[in-house]
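Novice: Since the structure of chain A is already known, use the hints to place chains B, C and D on it.
There are 4 protein chains.
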Amino acid sequence: MSTTHSEEPVYDLAQLGHAELLTPVYEDSLRFFVDVYGLDLVAEEGGSAYLRGWGDTELTTLKLTPAARAGLGHVGWRAVSAQALDRRVAALREAGLDGDWIDGDVGHGKAFRFRAPSGQLMEIYYESEKYRPTGEKRPYLPNQPQAEIHRGVGAQRIDHLNILAPDVPETRDVMARALGFKLREYLVPPGQGEVGAWMSLMNKAHDLAITRESAPTSGRLHHLAYAVENREDVLRAADTFSQLGRPIEFGPAKHSRTQGFFLYVIEPGGNRIEVFSGGIHIYAPDWEAVRWTTEAGGRSTAWGLDVPPSFHAHATPVLD
Amino acid sequence: MSTTHSEEPVYDLAQLGHAELLTPVYEDSLRFFVDVYGLDLVAEEGGSAYLRGWGDTELTTLKLTPAARAGLGHVGWRAVSAQALDRRVAALREAGLDGDWIDGDVGHGKAFRFRAPSGQLMEIYYESEKYRPTGEKRPYLPNQPQAEIHRGVGAQRIDHLNILAPDVPETRDVMARALGFKLREYLVPPGQGEVGAWMSLMNKAHDLAITRESAPTSGRLHHLAYAVENREDVLRAADTFSQLGRPIEFGPAKHSRTQGFFLYVIEPGGNRIEVFSGGIHIYAPDWEAVRWTTEAGGRSTAWGLDVPPSFHAHATPVLD
Amino acid sequence: MSTTHSEEPVYDLAQLGHAELLTPVYEDSLRFFVDVYGLDLVAEEGGSAYLRGWGDTELTTLKLTPAARAGLGHVGWRAVSAQALDRRVAALREAGLDGDWIDGDVGHGKAFRFRAPSGQLMEIYYESEKYRPTGEKRPYLPNQPQAEIHRGVGAQRIDHLNILAPDVPETRDVMARALGFKLREYLVPPGQGEVGAWMSLMNKAHDLAITRESAPTSGRLHHLAYAVENREDVLRAADTFSQLGRPIEFGPAKHSRTQGFFLYVIEPGGNRIEVFSGGIHIYAPDWEAVRWTTEAGGRSTAWGLDVPPSFHAHATPVLD
Amino acid sequence: MSTTHSEEPVYDLAQLGHAELLTPVYEDSLRFFVDVYGLDLVAEEGGSAYLRGWGDTELTTLKLTPAARAGLGHVGWRAVSAQALDRRVAALREAGLDGDWIDGDVGHGKAFRFRAPSGQLMEIYYESEKYRPTGEKRPYLPNQPQAEIHRGVGAQRIDHLNILAPDVPETRDVMARALGFKLREYLVPPGQGEVGAWMSLMNKAHDLAITRESAPTSGRLHHLAYAVENREDVLRAADTFSQLGRPIEFGPAKHSRTQGFFLYVIEPGGNRIEVFSGGIHIYAPDWEAVRWTTEAGGRSTAWGLDVPPSFHAHATPVLD
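Chains as they are written, first to last, in UniProt numbering: chain A, 1 to 320; chain B, 1 to 320; chain C, 1 to 320; chain D, 1 to 320.
So here's chain A without its partners, still in its complex pose (with noise of 0.2 Å):
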């Protein structure tokens, strides 16, 4: 009966810290994650904003930094220790991935940045500024970092990532073997080979999903996910962004891999957002990564929906 690994799963890594947005209209990407994603404006600091969804414990989850091209700037993956931060810098040099120490940023300390084998530029991080709520930001429940945002979508706190790479095995083993990345589910069409893998450290369904690049280029952002705590909070949003005149992508539908409730948005810069909620939980310290072949590459809905060409075709930056 039993189950034996010769390996054991590595806990270093605890979360999704924060991303880096680019955008060519950084006045407009601000009303938006504002106005109608629902984030609050921490700082603005060296031109870039610092925002943040009313459940994030961080100070700040995302970086708005404007830019001539949309896309992603960086990615912070937070450690569980400045121990386990220490250990996988040494992991990462161990699998060729050398990179350098930064100082710090708007609300966390030194930060060990390197490069994605699939482009994106990523940094670890341990120490870190909680956020500490005063006046009517103080919630109700002291179990709750923020009172609520009602404003807009009231996007609730970061979740995931989604990034392209040209070889989806060779980054998603780099984030296996060196950040204790475990996966979760992989899509491998007939003949196409592996095109897609979901990822995550802990309990999640994912905190990275890894696709394929199928354009001559790297670096690529698909999409960055902030978490609501219901479907109806989903349902929600669509009405939300269809009175605030936001087209939506793609959704609301029930995603296949990890089962999430989504839409998706491209904001005005460029770059696709997604309003996500639920999904599968994964408590399984031995998980079986789950193998999706019978599905052709289109089928990214739970209930067999159609999937606009654009989800497959737009990515940041956008190619010339």
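Derived from the structure by calculation, the hints contain no laboratory data.
If you're wondering where the values come from, they're calculated on a predicted model, not measured in any experiment.
Errors might be hidden in some of the hints.
Since the list gives no way to pick one copy over another, a pair counts as held whenever it fits inside one copy or between any two copies.
Unchecked claim - Taking lysine to any residue and the SDA-like style, the derived pairs with C-alpha atoms no more than 25 Å apart in a straight line are: (1) K110 <-> W303; (2) K137 <-> G304; (3) K137 <-> I248; (4) K137 <-> I149; (5) K110 <-> V10; (6) K130 <-> W292; (7) K130 <-> D40; (8) K130 <-> P247; (9) K130 <-> R291; (10) K130 <-> L183; (11) K137 <-> A82.
Specialist: Below, chains B, C and D without anything else, positioned relative to chain A:
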């Protein structure tokens, strides 16, 4: 800004693996768990029934055993690896909680059994048997362990346990030090000392709740909870229990601690059973345990609703 | 098989048009209805405030008037046509309920005012003013009367009224004969006579509930209800009231009668206000009124939950 | 301020009583409606099956009849009284729509049959048989017609019908004048004339939708809809259809017109079947029909989602 921890968090236990409930009316309890609560009967062996929820990855998560009185037979926590199991056994012994190895049971291999300071029998183990669905038990999505059960409440997967302890801090301290449970919230009403502690292993708000035993006894169970996917499922469970003539003791409502959505019923044997959904998820590795003080002992709901007296008075075994 | 009716059902009244609430703390009540309950203030005239829910088609559905004591000022029922109004005035007079024509009020034209046998002031009218949204009040869907309000609870539209009557059958008989209210359900606990009647005009489970006045008085209000779209909105309202520090008296839960999903709060002036959703819809023209007998007086919920004593004791005006 | 109507609204028809569907694969269709859609089989007589939803008050609301081709056999509208029935028969004749009396069918008495200008066979009737539950069909609440069905989708009650008409205004004009259907919304895309009309009898957003037949034929059915209680039930229906291997054509999503929450499947015989929930309720007796013009023909959802081409192309009978 930084936070410094001298001690690293321990992630050696993965999940609440299973619980054993004792019942003086075995047949009635079994019918309740299968027909009303919606679990599947996996095996009957040695006089006990072994059941599972359709969302459980383990073969069995509930063992039902005939006994003179209702109560908790034992509870099993699953380690993340064989090595982690050994480390926790050593830590238990170091904490002065000695125990014995047993060979295993239906669904899992060798386990180390010990008694918590609060008197409940517990075990930790790693080797376990995965459920392999066949025939009509096969799910339509490969990332579900089993086809969804629509019988009765359709309880999805084991979620958490609430035990009573004469000395709450003593028990939660051992669970923290020896097993790596993290304290998430605790309740200290004015002048009463700590009357409740909510602890979890990884991202959940709680895998284990410990509340104060006010009777001169020990080892009692307050409730066992299975989760459902949405709070709408809890509302439907209320309809289902009512349709099937099973009185609801408390709920549906929203907990203050954990923010879970809940309802409670008493199974025919007398044990309190919860249908639970949602609740906060904890991703910060340095989560600061939330101290609840302003609410007097009786306030268990986020909406300030009255708690029925039985909720504080009833536990199993019932005292003579 | 057939059913034969000698008498035809009457469809001369269309809807609960508006209600007037009296409050001893006008400013506080107004702030509650605008900021917490989420209505819009349409006009202040003659010392009264006129408000509307974002889903109301009438210009105003709530009139708030300063008074020495809380209570119901009057309630207005809208006829389906000018001719129907005349028919109902004749029927009221035939039933011995004389009254007087008034010229109208903000939002509606001439109305015939009379006093129900249970003492509440009522009026029937036809001519009324539609709400015409402009600017940011314009909805994104042309079949919504107004852009959705996300402030506070965001109560959507006026739904029903519960009055107290010393003699329930007497009042409901007049409402049926003179105005065409259809009896949908009634409650006759053993040995108590008829203590409640639920009546509606067309497809709703109730536009008017009449429950027994147990004090030596008349003309009192039990509660006024606005509807929200889904029961999820009632759950969210529970959060909102809690966040805004407004205690919930009863609910969220599911009514036995009407099967509506509900919660109750007391507005600052003392009147009980409901947030209501769902409930059965009645399409059979020969619906047989449902006689409830098995449940004792206190059972108001479909799930058998306890009713707080205040729910049966409190009404407005409060007795000295 | 006032509104003046020279003509009074007519409330002589109460409800969509039943529909008859034709199917070339009777056994498969019957299995679908019982096992997947969740209706109960009430009788099999004269080669047809008679079914009901658990929330229907009529004995039977769906007649399933073997035929060479799928399509609508007939649709039955129930009058509010015997006198109202006679008035409507006279009005039909006055409108030039003659017909014949039939003796009745399982579940209802004599009916007047006529053909709508758009070619569908319709009947109006009053005498009907109520469903009387016995044994385990008895509901736990006396205001439910039957114990809730948890089999398959558990469709609750018949809701509405969408027919195709070569000339939409002609058909809706007759339905209004002769039968008292009220026009609630209509769609007039630029340069296309009126391509859709949504009409109802009392408080619903629609009992009957009429959309343009673009093929050189008449008498076709676009879809038949049963309602479920919450939009969560529609989401669960999507899971259920997927689990049972029945493809979803369109939805779950939210309609623009009616604002109902929906999904569509094609039953084995080829008829399109909807699972519907919610939608606006109309209480104003002088509701002004909403003219939709800004959206081009294909926009059927409130969220601007794409409509699958089959939704506009497929109807029954399918053309050769």
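Novice: Evaluate each hint against the coordinates.
Specialist: Comparing the hints with the structure gives:
1. K110 <-> W303: neither (44 Å within a copy, 41 Å between copies)
2. K137 <-> G304: between (42 Å within a copy, 21 Å between copies)
3. K137 <-> I248: between (30 Å within a copy, 22 Å between copies)
4. K137 <-> I149: both (9 Å within a copy, 21 Å between copies)
5. K110 <-> V10: Both: 22 Å inside a copy, 23 Å across copies.
6. K130 <-> W292: between (39 Å within a copy, 19 Å between copies)
7. K130 <-> D40: Result: close within a single copy only, 15 Å intra versus 38 Å inter.
8. K130 <-> P247: neither (34 Å within a copy, 31 Å between copies)
9. K130 <-> R291: Between. Shortest inter-copy distance 17 Å satisfies the 25 Å Cα cut-off; intra-copy 38 Å does not.
10. K130 <-> L183: between (29 Å within a copy, 18 Å between copies)
11. K137 <-> A82: Neither: 30 Å inside a chain and 45 Å across chains, both beyond 25 Å.
Hint compliance for this structure: hints 1, 8 and 11 are not met, and every other hint is.
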